[in-house]
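Colleague: Quick note, the sequences are listed as chains A and B, same order.
The first sequence lines up with residues 9 to 118 when you count with my numbering.
The second sequence lines up with residues 13 to 128 when you count with my numbering.
Some hints here could point you the wrong way.
[Claimed, not checked] Computed Cβ-Cβ distance ranges for the label pairs, DEER-style:
1) B/Asp121 x A/Lys10: 25 to 35 Å
2) B/Glu75 x A/Pro16: 24 to 34 Å
3) A/Phe68 x B/Arg111: 23 to 33 Å
4) A/Ala75 x B/Gly28: 46 to 56 Å
5) A/Glu11 x B/Ser27: 48 to 58 Å
[Stated by the list, open to error] Subject to a maximum C-alpha distance of 20 Å in a straight line, what follows is the list of computed SDA-like cross-link-like pairs (lysine to any residue):
6) A/Lys53 x B/Phe103
7) A/Lys105 x B/Gln41
8) B/Lys67 x B/Arg111
9) A/Lys50 x A/Arg9
[Stated by the list, open to error] From the derived model, a few chain B residues whose C-beta atoms are all more than 10 Å from chain A:
10) Ser55
11) Thr61
12) Phe79
13) Asn82
No wet-lab data here; the hints were simulated from the structure.
C-beta atoms are modelled at their ideal positions from N, C-alpha and C, and glycine is treated no differently.
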Amino acid sequence: RKEVEQDPGPFNVPEGATVAFNCTYSNSASQSFFWYRQDCRKEPKLLMSVYSSGNEDGRFTAQLNRASQYISLLIRDSKLSDSATYLCVVNLGGTYKYIFGTGTRLKVLA
Amino acid sequence: GAVVSQHPSWVICKSGTSVKIECRSLDFQATTMFWYRQFPKQSLMLMATSNEGSKATYEQGVEKDKFLINHASLTLSTLTVTSAHPEDSSFYICSASGRGIGQPQHFGDGTRLSIL
């Protein structure tokens, strides 16, 4: 089993739709969690950190479920510009070790 | 805030050349920097982790004599691909995280390296 797993997609959704991605992690010592987006042939950009109580940034909402060991990202009112690969990143507590998921590809269609 | 600059963006050079890539944190002190490579349509692959003032920790299968990493200050790390060959052609990306464990990584723009 991979340490961090994501559905690779692609998720094809119409503009305005709400879409959610999950990311599961296997190491219960994981402490910090992040969502990044990566556009084709570009570097990953930090979208948001994921906090225990859940957090929201505009149209984006991140949740953490420690009991089931997954994090989620919800995108409301999808825009064409949201089309990208979304990477889940997990940091193992007390270490500089970060585990990247393979990413979920989102295509928002006009 | 949290800007990481990587230079150069593109390198095209002949086989056998050594190539140096710089990664700078512009507005924060980066105690830890990471170097990745990414092939088309593949995931990021961590090459090495470096902490300021100490030797880099290389991932399994990454030749430390081939990929020289120097992290001499809290704002600068360099990756030198020595005697590069066509199979070293890839997208190299650095990232940096600030003080404290568990901080998010901030990525440079990446360097596209093509060895002819």
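Colleague: CB of glutamate 11 of chain A to CB of serine 27 of chain B, is that within 48 to 58 Å?
Modeller: violated, 36 Å
Colleague: Do the alpha carbons of lysine 67 of chain B and arginine 111 of chain B lie within 20 Å of each other, as the hint requires?
Modeller: Distance of about 18 Å is within 20 Å: holds.
Colleague: Please settle this one: serine 55 of chain B was flagged as non-interface, so is its CB more than 10 Å from every CB on chain A?
Modeller: Serine 55 of chain B is in fact no farther than 10 Å from some Cβ atom of chain A, at 5 Å.
Colleague: Does asparagine 82 of chain B really sit off the interface, with its C-beta more than 10 Å from all C-beta atoms of chain A?
Modeller: holds, 18 Å
Colleague: Please check whether the beta-carbon of threonine 61 of chain B is more than 10 Å away from every beta-carbon in chain A.
Modeller: Per Cβ check, threonine 61 of chain B is inside 10 Å of chain A; nearest 6 Å; violated.
Colleague: Check the hint pairing lysine 50 of chain A with arginine 9 of chain A against an upper bound of 20 Å on the C-alpha distance.
Modeller: Outside the cut-off at roughly 28 Å; violated.
Colleague: Decide if the proposed pair is consistent with the structure: lysine 105 of chain A and glutamine 41 of chain B, CA atoms, cutoff 20 Å inclusive.
Modeller: holds, 19 Å
Colleague: Could you see if the CB distance from aspartate 121 of chain B to lysine 10 of chain A stays within 25 to 35 Å?
Modeller: holds, 28 Å
Colleague: Next pair to validate is lysine 53 of chain A with phenylalanine 103 of chain B; report whether the Cα-Cα distance is within 20 Å.
Modeller: With Cα atoms ~15 Å apart, lysine 53 of chain A and phenylalanine 103 of chain B stay inside 20 Å; holds.
Colleague: Between the beta carbons of phenylalanine 68 of chain A and arginine 111 of chain B, is the distance compatible with 23 to 33 Å?
Modeller: holds, 26 Å
Colleague: Since phenylalanine 79 of chain B was said not to touch the interface, does its Cβ keep a gap of more than 10 Å from each Cβ of chain A?
Modeller: holds, 18 Å
Colleague: Please test the hint of 46 to 56 Å on the beta carbon pair from alanine 75 of chain A and glycine 28 of chain B.
Modeller: holds, 55 Å
In this structure, the earlier hints numbered 5, 9, 10, 11 are contradicted, and the remaining ones agree with it.
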